[in-house]
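Novice: The hints should help you fit chain B onto chain A, whose structure is shown.
There are 2 protein chains.
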Amino acid sequence: MKLDGLDTPSVLVDVDIMTANLDRLASYCRDHGLNLRPHVKTHKNPELAQLQIRKGAVGVTVAKLGEAEVMADGGIEDILLAYPVYGEIKWKRLAALARRTRISVALDSLEVAQGISRHAREGGVRIPILVEFDTGMRRCGFAIGKEAIPVVERIAELPALDYQGLLIYPGHFLKDPERRKQLLAVENRQLSTLLDLLNDAGIPYPVISASSTPTAYMSHQFKNITEVRAGTYIFNDRNTIGCQAADLKDCAVSVLATVVSTSVPGKAAIDGGSKTFSSDKFLSGDGVGFGHVIGDPGTVVEYLSEEHGHLVLANASRQYRVGDRVRVIPNHVCACVNMHDRIYGIRDDDVVTEWQVSARGAVQ
Amino acid sequence: MKLDGLDTPSVLVDVDIMTANLDRLASYCRDHGLNLRPHVKTHKNPELAQLQIRKGAVGVTVAKLGEAEVMADGGIEDILLAYPVYGEIKWKRLAALARRTRISVALDSLEVAQGISRHAREGGVRIPILVEFDTGMRRCGFAIGKEAIPVVERIAELPALDYQGLLIYPGHFLKDPERRKQLLAVENRQLSTLLDLLNDAGIPYPVISASSTPTAYMSHQFKNITEVRAGTYIFNDRNTIGCQAADLKDCAVSVLATVVSTSVPGKAAIDGGSKTFSSDKFLSGDGVGFGHVIGDPGTVVEYLSEEHGHLVLANASRQYRVGDRVRVIPNHVCACVNMHDRIYGIRDDDVVTEWQVSARGAVQ
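First to last, the sequence lines map onto chains A and B. What the first sequence shows, in the working numbering, is residues 24 to 387, in sequence order. What the second sequence shows, in the working numbering, is residues 24 to 387, in sequence order.
Hints may be right or wrong, so weigh each one.
To be verified - Straight-line Cα separation of at most 30 Å, DSSO-like style, residue types lysine-lysine; simulated pairs: (1) K290/B / K290/A; (2) K304/B / K304/A; (3) K169/B / K198/A; (4) K290/A / K169/B; (5) K290/B / K204/A; (6) K272/B / K204/B; (7) K198/B / K304/A.
What the hints assert, rightly or not - Sample of chain B residues at the chain A side, in silico, Cβ under 10 Å: (8) L35; (9) H55; (10) K64; (11) V108; (12) I112; (13) K113; (14) L271; (15) A292; (16) K304; (17) E329; (18) E330; (19) R344.
Don't read these hints as lab results, they were simulated from the structure. As the structure is a computational prediction, the values presented were derived from the model and not from experiment. Beta carbons are placed, not taken as given, at the ideal position from N, Cα and C, and that holds for glycine.
For reference, chain A alone in the conformation it holds in the complex (with noise of 0.2 Å):
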């Protein structure tokens, strides 16, 4: 089919762009022995997983257990739930789920590991676990100090975990990269900091999993990290460029989309609008307008409501009409593609493949 012939709003993505993207990333994890496992909170899908596995990486990285089981419906035997999952039903599922592929889980609580803990003895499976350590985004994690080392010890003697090491997330998205260089700087303290308490409790940590897009090139400068989490890279969009953690012609990523009003002066409206792009902001730059449209930088997104995107003309360099096509490349890709149910793959102006954003909706 010809990209003439879909209906729009519809999510492409630049086969080639997204294929460069995969190959540059998992090539400098091995140019740098790090293990690369990429988080589908992007593409929600096992066959692109399947791809990225087959470019090198180690296995997935999910956000939800729903995520997990999606990931292993469709094939892939190394998941890591990056999520410190909390219940008796998902500890259930989690166990479960652990008879039929290796999901391990990163976890900031002995709450957390000692409900996974019990789950996984009574369902005679055995979880490998992560312990996560805040150093510095103040999200999730043990605060780095002596503290927190017997509740480590405490965490890797439960019954039926395998300790395996550390997880950080020093997913700092700042606009400036002199400043995020930085960031990293006292990052890399706080994790030597803990490597030496670690040290010299007798703690091994042969997994140290790390990373995020904008950092991910950055990674070897971790000089103990096995493991890069990176997501958005496989896509990319207006937040990595504006963090130049990619180039315009990196960003695989647009929303098709049609003019459908120009009746107010200076504007136009096209048929997308937060239940198309989501409302995530442009954090990496002015914080100005909720997408990029290809060719006409100058146009304004300045709003979204939820069915209408409202382009601001002041600045464009061309007309809109009712009918016209445009695409916009969406402030955060992973937010964006998580609102529909299929995105295509294209080749200039073919579209060669749909993939089921199978994994949508799984917020449990």
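Specialist: Coordinates of chain B only, in the frame set by chain A:
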């Protein structure tokens, strides 16, 4: 099932509050001789649409053709597509839909009207249309002025279209009810100007479709409108509370979530983030936070990563431990529900029903 048996995150709807919300607006519309045509973007479920109709609604409003198809499949017989639907693929689907249900369309361009006209004629159907005018929102709609009159005349004369009247969207979402009243007065004057122009041209307007949840109970102040298109009122949310269009006790919706991490001092993470709540802001309030924690309004849902909600506890009135459950009212319920495949009806601690978000993902 008891609420305890439900996994998290889950969207809960208090059935009694919802019923009261439905009854209140239905009663108001009856009292003021207004037709109620609820916008179903909020719940996207045909059973709830049927319930609204049983309570007196004349039909429903949708924003996308895909939503209209789901509603028609669910037995809804009178649907307003309040969207300038454009393109050959959609016009074919629209004509097909018109063969099995009453589907009217609001539009604001000759291009859209001509496309619908052509496909309606080819499909052997007639399609009722409303012409959209802009009374101040600057989103869509013809500017009010004499230039628009010949266009309305041309649209009304197109074959296979049944011109029904006007659609406006006085949806100003302001914090301050006084300011909203003032704006409503401005919009009212705009509408009067339009009606004078139409009267002069001898163009009738049997239908004037208008309103939104924030302005729902002001609808009678628009003397000429015939139809109220509120959507959010069925559940309400933090934004409708913020703009005093509802009280906290009128809010039927909350997200049931579990505390999954308390490792970071002064904070707690819950198991729902932007892929559970949406990233929609607190537009009608101070802009701070992504939800109202029921029973603990001092706690701030500071920000949302994709699968974590980050609570700041500086002003919390309770302790948060890993495993605790909380209920959080989302900023924008329409965007929140759109993240989920199903939502749960509750009465006190009982889960009494479940609704599929059937039209979720119907972006086209």
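Novice: Against this structure, judge whether each hint is valid.
Specialist: Taking the hints in turn, this is what the structure says about them:
1. Among the hinted pairs, K290/B with K290/A is inconsistent with the structure: their alpha-carbon atoms are about 42 Å apart, more than 30 Å.
2. The straight-line distance between the Cα atoms of K304/B and K304/A is roughly 10 Å, inside the 30 Å bound, and the hint therefore holds.
3. About 48 Å separates the Cα atoms of K169/B and K198/A, which puts this hinted pair outside 30 Å; it is violated.
4. A C-alpha spacing of about 20 Å is found between K290/A and K169/B, which places the hinted pair at or below 30 Å, so the restraint holds.
5. The straight-line distance between the Cα atoms of K290/B and K204/A is roughly 26 Å, inside the 30 Å bound, and the hint therefore holds.
6. Distance restraint check for K272/B and K204/B: the Cα-Cα separation of roughly 24 Å lies within the 30 Å cut-off, and the hinted pair is therefore satisfied.
7. Between the alpha carbons of K198/B and K304/A the distance comes to roughly 22 Å, so the proposed pair stays at or under 30 Å and holds.
8. Taking 10 Å as the C-beta contact cut-off toward chain A, the hint placing L35/B at the interface is violated, the least distance being around 14 Å.
9. Annotation: interface hint on H55/B violated; nearest CB of chain A at approximately 27 Å, more than 10 Å.
10. A least Cβ separation of about 6 Å between K64/B and chain A falls short of the 10 Å threshold, and the interface hint therefore holds.
11. Satisfaction of the interface hint for V108/B is found here, the shortest Cβ-Cβ separation to chain A being roughly 7 Å, below the 10 Å cut-off.
12. Below 10 Å, beta-carbon pairs count as interface contacts, and I112/B has one with chain A at about 5 Å; its hint therefore holds.
13. With its C-beta approaching chain A no nearer than about 7 Å, K113/B sits inside the 10 Å limit, and its interface hint holds.
14. A least Cβ separation of about 24 Å between L271/B and chain A goes past the 10 Å threshold, and the interface hint is therefore violated.
15. With its C-beta approaching chain A no nearer than about 5 Å, A292/B sits inside the 10 Å limit, and its interface hint holds.
16. Contact between K304/B and chain A, as hinted, is supported at the beta carbon level, the nearest pair being about 7 Å apart and thus within 10 Å.
17. At its closest, the beta carbon of E329/B sits 6 Å from a beta carbon of chain A; the interface hint therefore holds under the 10 Å criterion.
18. Interface restraint check for E330/B: the shortest CB-CB distance to chain A comes to about 4 Å, inside 10 Å, so the restraint holds.
19. Proximity of R344/B to chain A holds as hinted, the smallest CB-CB distance being about 8 Å (cut-off 10 Å).
When held up to the earlier numbered hints, the structure conflicts with 1, 3, 8, 9, 14 and fits the remainder.
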